[in-house]
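Peer 1: Sequence:
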Amino acid sequence: RIRPSLMSDIPLIEELFVRWYTFNEIMPIRCTYNVSGGAESPHTITELSIHKSIKRCNDVYVKAIKEKMSMFLEQEPRVFFNREWGVKRTNALSIVLEYDSTKYTLGEAWFNVGIDFNRFLSNLKKQFGSISHIRAWQSHDSGMPHIHVIIYFKTFEFSVQSWKDGSFRLHPKQRVKPHGKYCRQAIKEAWKQGFVDIKCIDSMGDTFRDLLK
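Be aware that the sequence shown starts at 70, since it is given in the numbering used here, and climbs by one per residue.
Keep in mind that a hint or two might mislead.
Derived lysine to aspartate or glutamate pairs resembling DMTMM-like cross-links, with alpha carbons at most 25 Å apart [to be verified]: (1) K157 with E145; (2) K132 with E258; (3) K124 with E145; (4) K121 with E136; (5) K135 with D275; (6) K223 with E177; (7) K194 with D169; (8) K268 with D169; (9) K223 with D169; (10) K223 with D271; (11) K257 with E145; (12) K268 with E153; (13) K223 with D275; (14) K261 with E226; (15) K223 with E143; (16) K195 with D266; (17) K135 with D271; (18) K157 with E83; (19) K250 with D271; (20) K124 with E258; (21) K157 with D279; (22) K250 with E167; (23) K157 with E84; (24) K172 with E258; (25) K137 with D279.
Hints were generated in silico from the structure; no laboratory data involved.
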């Protein structure tokens, strides 16, 4: 278990992290190539380049993530339903997974977050079939982690119900299988560590941008 004094150490940990990622470090790279063929005799070419080191949260890191996600952000977004009219169904959900701080210490939550998340995905696959996902870890002011994840269900389509607050949620009466669990219940029970918030995705474009903020 994590030592009790760690909670008081969080401000210092945050300060040290900010100092680390905002401190620019340079990485020199030297590449040597063997060249053969053509009119010239075989020889070597050496090139030296200098790069700013990539660190989580610095500008190089953010640029790399945006480049990696550009194929999703720049293409025409997948639209599942119209917010204003028509039958609303979707294959994609935006889910937030929380840890119950009364049951888990800060250290236990962070140490197990990856394992717990993989178990959550495995539970979903058993009930809904093949899925794809993209996720991001985040922390509350208390330091406790929570997970934002976009999940695309390749062979399952959800019925969508609009709420008074303007959000779109799973229809409360839809079941995974006839006479089986309700979809909402099945997803919540797949995450045993705490609160689960589930929203239905109408357009992948806006959802990807929100996840990358």
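Peer 1: What's the verdict on K223 and E143, does the C-alpha distance respect the 25 Å limit or exceed it?
Peer 2: 22 Å, holds
Peer 1: What's the verdict on K121 and E136, does the C-alpha distance respect the 25 Å limit or exceed it?
Peer 2: 17 Å, holds
Peer 1: Given the proposed pairing of K250 with E167, does the C-alpha separation stay at or below 25 Å?
Peer 2: Within the cut-off at roughly 22 Å; holds.
Peer 1: Given the proposed pairing of K195 with D266, does the C-alpha separation stay at or below 25 Å?
Peer 2: Distance ~20 Å between K195 and D266 Cα, so the pair holds.
Peer 1: Please work out if K172 and E258 have their alpha carbons no farther apart than 25 Å.
Peer 2: 16 Å, holds
Peer 1: Please work out if K261 and E226 have their alpha carbons no farther apart than 25 Å.
Peer 2: Within the cut-off at roughly 24 Å; holds.
Peer 1: With the threshold set at 25 Å, check whether the alpha-carbon distance from K223 to D271 stays at or below it.
Peer 2: 16 Å, holds
Peer 1: Need the status of pair K223, E177: alpha-carbon distance at most 25 Å?
Peer 2: Roughly 33 Å between the alpha carbons, so the hint for K223 and E177 is violated.
Peer 1: Decide if the proposed pair is consistent with the structure: K135 and D275, CA atoms, cutoff 25 Å inclusive.
Peer 2: 14 Å, holds
Peer 1: Hint check: K157 vs E83, CA-CA at most 25 Å. Holds or violated?
Peer 2: Violated, at roughly 43 Å.
Peer 1: Quickly compare the C-alpha distance for K132 and E258 to 25 Å and report which way the hint goes.
Peer 2: Outside the cut-off at roughly 37 Å; violated.
Peer 1: Could you grab the alpha-carbon distance between K268 and D169 and see if it respects the 25 Å cut-off?
Peer 2: Measuring from Cα to Cα gives roughly 20 Å; hence the hint holds.
The structure shown violates the earlier hints numbered 2, 3, 6, 9, 11, 18, 20, 23.
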